[in-house]
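Enquirer: Sequence:
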Amino acid sequence: MKRIDFEAHCYSPAAIDCFSRRDGYPYYRPEEKALSLSDDLCIKNELKLSRLTQNCEERIELMDRFGTWMQILSSSPGIELLDDVRTATEVARETNDWMASFIKKYPKRFKAFAVLPVQDPEASSAELERCMKELGFTGWMAYSNFGLTYPDDDRYASLFDKAGELGAAVYMHPTHSVEPGGRLTGLGPHMVAAAFGFGIDTSIAIMRLILKGTFDRNPGLKLMVGHLGEIFPFILKRMVGMNKINKHEPAVSKELPDYYFRKNIWVTTSGQFSHESFRCTADVLGIDHILFGSDFPYESLEEIDAFNRELVLSDLDKEKLFFRNAEEYFGIKL
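In the numbering used here, the protein residues as written are 83 to 416.
These are computed hints drawn from the structure, not numbers from a lab.
Computed from a predicted structure; not experimentally measured.
One or more hints might be untrue.
[Stated by the list, open to error] Here are the simulated lysine to aspartate or glutamate pairs, EDC-like style, with alpha carbons at most 20 Å apart:
| hint | residue 1 | residue 2 |
| --- | --- | --- |
| 1 | 84 | 401 |
| 2 | 130 | 385 |
| 3 | 345 | 243 |
| 4 | 84 | 337 |
| 5 | 304 | 385 |
| 6 | 304 | 211 |
| 7 | 84 | 365 |
Build out the structure end to end from the sequences listed, making use of the hints.
Expert: Take a look at the structure:
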């Protein structure tokens, strides 16, 4: 069965070149084959780094081998951490043009999420509009933090409004915390990264966006989150109950959190290939709100393939997971 992969990461030549010339984070050392993002997180895996920089044909060879018909490309973290606004704007634009070249060459095999120079929200809005109207992108790959600022900060409200206006899907992807002395930092990747911190940081970002009225201002805005919804499927019922109990307390959002998970938020399987977790998510959110994502190249393609084959779902539900939901809710046609 053909699959649309909503989480397939990459680094453009422009990004790698930029990181290679830096002394501060993020920086890349080609002689060590190591990309350092913070004191707590360094990617030092030759296979993963080589796959992040693959060309079209190299990607398609792996996609064909593992049953993926389309990848929606997204730049991995780093550009939003650059301390120079002009550099960030240039590298983001060059990266988007590079991903667009994949789409132009193989329009039935690739789409993309824009990377934006969030250091300048006004420039980001203009770049998102270019990506959507001129390059045919799917939306924007946001991150759970932008260094020492956060997606729910008031300075970024206009950017989410622009995404709603353009019909651009927002993929809220985890990234590591760099908060000095923060509760997630100082203990290495076990705390700050995928094993724990990613899910915590992303869940906080999404909950703050909900409570600050992001979806009330933009009722048509569609947001995606990986890892089968982070903590939300497990705690959503309790969240709703506690919000009802505390309804006398002031809140910005007009509805309870579960409303937005039914109307505005979809989850992907990326990085969470657990049958127990999948069953919980399907029970709580429903199969119509789950999309396939691989988290390429950070996860084992062999393990993902085995997980997909072992899913206990009807043929129709498998089609919804792998491509029908993408077609119906995001207009992505195979």
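Enquirer: Checking each numbered hint in turn, tell me which of them this model violates, lowest number first.
Expert: When the structure is compared with the hints, numbers 4, 5, 7 turn out to be violated.
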